[in-house]
Amino acid sequence: MSVLTKHLDLFLSAFGQTLQLFAISAVLSLVLGTLLAALRVSPVPVFRSIGTLYVTVLRNTPLTLVFVFFVFAYPLLEIVKIDEYTAAVVALSLYTAAFVCEVVRSGINTVPVGQAEASRALGLTFVQMLSNVVLPQALRSVVPPMTSTMIALLKNTTVASGFAVFQAGNIRESLSEQGENVLFGLLWVALGFVILVMPLTYVQQVFEKRWSVAR
Amino acid sequence: MSMVLFDVPGPKARVRHKVMAVVGIVAVLAALVYVVMRFVTTSQFSARRLDWINYKQIQLSLVEAIGNTLSAFACGAVLALAFGAIFAAARLSDHAWVRTPAAVIVEIFRAIPLVIMMFFFYYGLPATGVKLSAFTSVVLSLMLYNGSVLAEIFRAGINSLPRGQSEAAYALGMRKTQVMTLVLLPQALRAMLPTIISQLVVLLKDTALGFLITFEELLRWGTRIGGDAPNFGRPMISVMIVVAVIYIGLCLLLTWLATYLEKRNRRNKKVIHVDADEVPEMAAV
Chain A
103 MSVLTKHLDL FLSAFGQTLQ LFAISAVLSL VLGTLLAALR VSPVPVFRSI
153 GTLYVTVLRN TPLTLVFVFF VFAYPLLEIV KIDEYTAAVV ALSLYTAAFV
203 CEVVRSGINT VPVGQAEASR ALGLTFVQML SNVVLPQALR SVVPPMTSTM
253 IALLKNTTVA SGFAVFQAGN IRESLSEQGE NVLFGLLWVA LGFVILVMPL
303 TYVQQVFEKR WSVAR
Chain B
17 MSMVLFDVPG PKARVRHKVM AVVGIVAVLA ALVYVVMRFV TTSQFSARRL
67 DWINYKQIQL SLVEAIGNTL SAFACGAVLA LAFGAIFAAA RLSDHAWVRT
117 PAAVIVEIFR AIPLVIMMFF FYYGLPATGV KLSAFTSVVL SLMLYNGSVL
167 AEIFRAGINS LPRGQSEAAY ALGMRKTQVM TLVLLPQALR AMLPTIISQL
217 VVLLKDTALG FLITFEELLR WGTRIGGDAP NFGRPMISVM IVVAVIYIGL
267 CLLLTWLATY LEKRNRRNKK VIHVDADEVP EMAAV
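In order, the protein sequences belong to chains A and B. Heads up: the first sequence is residues 103 to 317, going by the numbering used here. Heads up: the second sequence is residues 17 to 301, going by the numbering used here.
Just so you know, the hints here were simulated from the structure itself, not pulled from any lab data. Mixed in with the good hints, there may be bad ones.
Claimed, not checked - Not close to chain B: a few residues of chain A, all C-beta gaps over 10 Å, as computed: (1) Leu114; (2) Val133; (3) Thr260.
Unchecked claim - Some but not every residue of chain B turned toward chain A, in silico, with C-beta under 8 Å: (4) Pro25; (5) Trp68; (6) Ile121; (7) Ile124; (8) Ile132; (9) Ile253.
Said to hold, decoys possible - Label pairs and their computed distance ranges (CB to CB): (10) A:Trp290 to B:Thr57: 43 to 53 Å; (11) B:Leu273 to A:Asn234: 35 to 45 Å; (12) A:Gln122 to B:Gly265: 34 to 44 Å; (13) B:Ala98 to A:Val308: 42 to 52 Å.
Where is the CB? At the ideal position from N, CA and C, for every residue including glycine.
Please model the complete structure; the sequences and the hints are all you need to start from.
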């Protein structure tokens, strides 16, 4: 307990940074992932294969490798200089976008073909069909897995601790520099993550129960 | 492929799609050309920067690094599967005093980031006098985290089986253990095999987190050779491309195994086909 109370500032600012990193990467990966999903369900085969290629490559690459690429290898190309924080955001967003894309795509695919066909037969335009018929139904099957993807993103922000980006994963470093007991510090960090993740898991389970409609 | 959103294209739409396809190809080619130009102008593939491939010692160390990654994967996978099986069985137990602690442990280990677990084993435990090697820390963390996820997968698989299976087995006079091991587990394993293997892909990718606690695996090898400025002038790009290709290749091999098994399952009459809706989505990130 003394570790926590003595270094409360450190813990709070570190977890604040974690949440900030999480929020920025979550927004970016949701936007990029949705765009990729649009590519993957588009009627143009080339767009579909571009989306598939991106998802296959990023899903099979370790996140740490993406980090290493953007922190150590990318600067050698001398394109645009980015600091470590931006590199971490880019790596997390690009990596998570592949998973977001898969979630959105499989959500759209769970809507039976007849629904879209029926709305077209009724004369709805593409936008009307999407916003009134397909997406509301897709949303039900998207939200629970999307929550777990976001939980994974929150936990993945700790990978940044190997790349000089200050967040909850670095509490250990700061504590050991001050000669504190690292063991208890890490236990508090773990507890912090449990506290952050548990409500999200609960929300996910509630959605899953409430929205699992019989089709 | 998904044709939910669009009708079969007519002549106008087909022309439009062709135009869009050309635009898409041009955009991708432009991006590729730009990247290759950056590679060339910063001379990432000069003879000096590719020289590392020629050294026998480096080749041997690459093999050793791949070996380290694979052995961490193998040990982690076996232990995680065992951990998952035990805790899935515990969570399905009829006794609340077994069920509740197992549920709490599984939920907690699923919520803690792997990096924090690795730090705990590698940097935290020495304070209590227990000194673990980087390899052991990586394997233990992989076991605890992926084992918990696998426990949930096993449990979901067993729960998704039709209730008639266990009822019939009980009606035949089987005991609880027999019902589980002879009737439920074999079917659940077959039904969940693709999900289990995609979790093993996650485990393989997560071995790269050992990089953060100085475990000498493939990625660490890559940063060591790639950061070698005096001998090779920092060949980070070429080395990282090799490392990425190896990782992606290994993961794709596992993924293909999963799709192959899924296809074989679909033809196999012994497998009970559970609705995808009944199996909760496990985001394998």
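Does 42 to 52 Å hold as the CB distance between Ala98 (chain B) and Val308 (chain A), or does it fail?
32 Å, violated
I want to verify a distance hint. Is the separation of the beta carbons of Leu273 (chain B) and Asn234 (chain A) within 35 to 45 Å?
42 Å, holds
Hold the hint about Ile132 (chain B) up to the distance rule: shortest CB distance to chain A must be less than 8 Å.
Nearest chain A Cβ about 5 Å off; hint holds.
Interface hint outcome for Ile121 (chain B) [beta carbon to chain A under 8 Å]:
Violated, about 12 Å.
Hinted contact Ile124 (chain B) with chain A - closest CB pair below 8 Å
6 Å, holds
Status of the hint placing Ile253 (chain B) at chain A (closest C-beta pair under 8 Å)
At 5 Å from the nearest chain A Cβ, Ile253 (chain B) passes the 8 Å test, so the hint holds.
Residue hint Trp68 (chain B), partner chain A, criterion CB-CB below 8 Å
Because about 15 Å separates Trp68 (chain B) from the closest Cβ in chain A, which is outside the 8 Å limit, the hint is violated.
Are Pro25 (chain B) and chain A close enough, Cβ to Cβ, to be under 8 Å, as the hint says?
Hint holds; Pro25 (chain B) Cβ to chain A Cβ min 6 Å, cut 8 Å.
Take a look at whether the Cβ-Cβ distance between Trp290 (chain A) and Thr57 (chain B) falls inside 43 to 53 Å.
Holds: the Cβ-Cβ distance is about 49 Å, inside 43 to 53 Å.
Per the stated criterion, does the least C-beta distance between Val133 (chain A) and chain B lie above 10 Å, as a non-interface residue requires?
At roughly 18 Å from the nearest Cβ of chain B, Val133 (chain A) sits farther out than 10 Å, so the non-interface label holds.
Any Cβ of chain B at or closer than 10 Å to Thr260 (chain A), or is the non-interface label fine?
Check fails; 4 Å does not lie beyond 10 Å.
So Leu114 (chain A) supposedly isn't at the interface. Is its beta-carbon more than 10 Å from every beta-carbon in chain B?
At roughly 17 Å from the nearest Cβ of chain B, Leu114 (chain A) sits farther out than 10 Å, so the non-interface label holds.
When each numbered hint is compared with the structure, violations occur for hints 3, 5, 6, 13.
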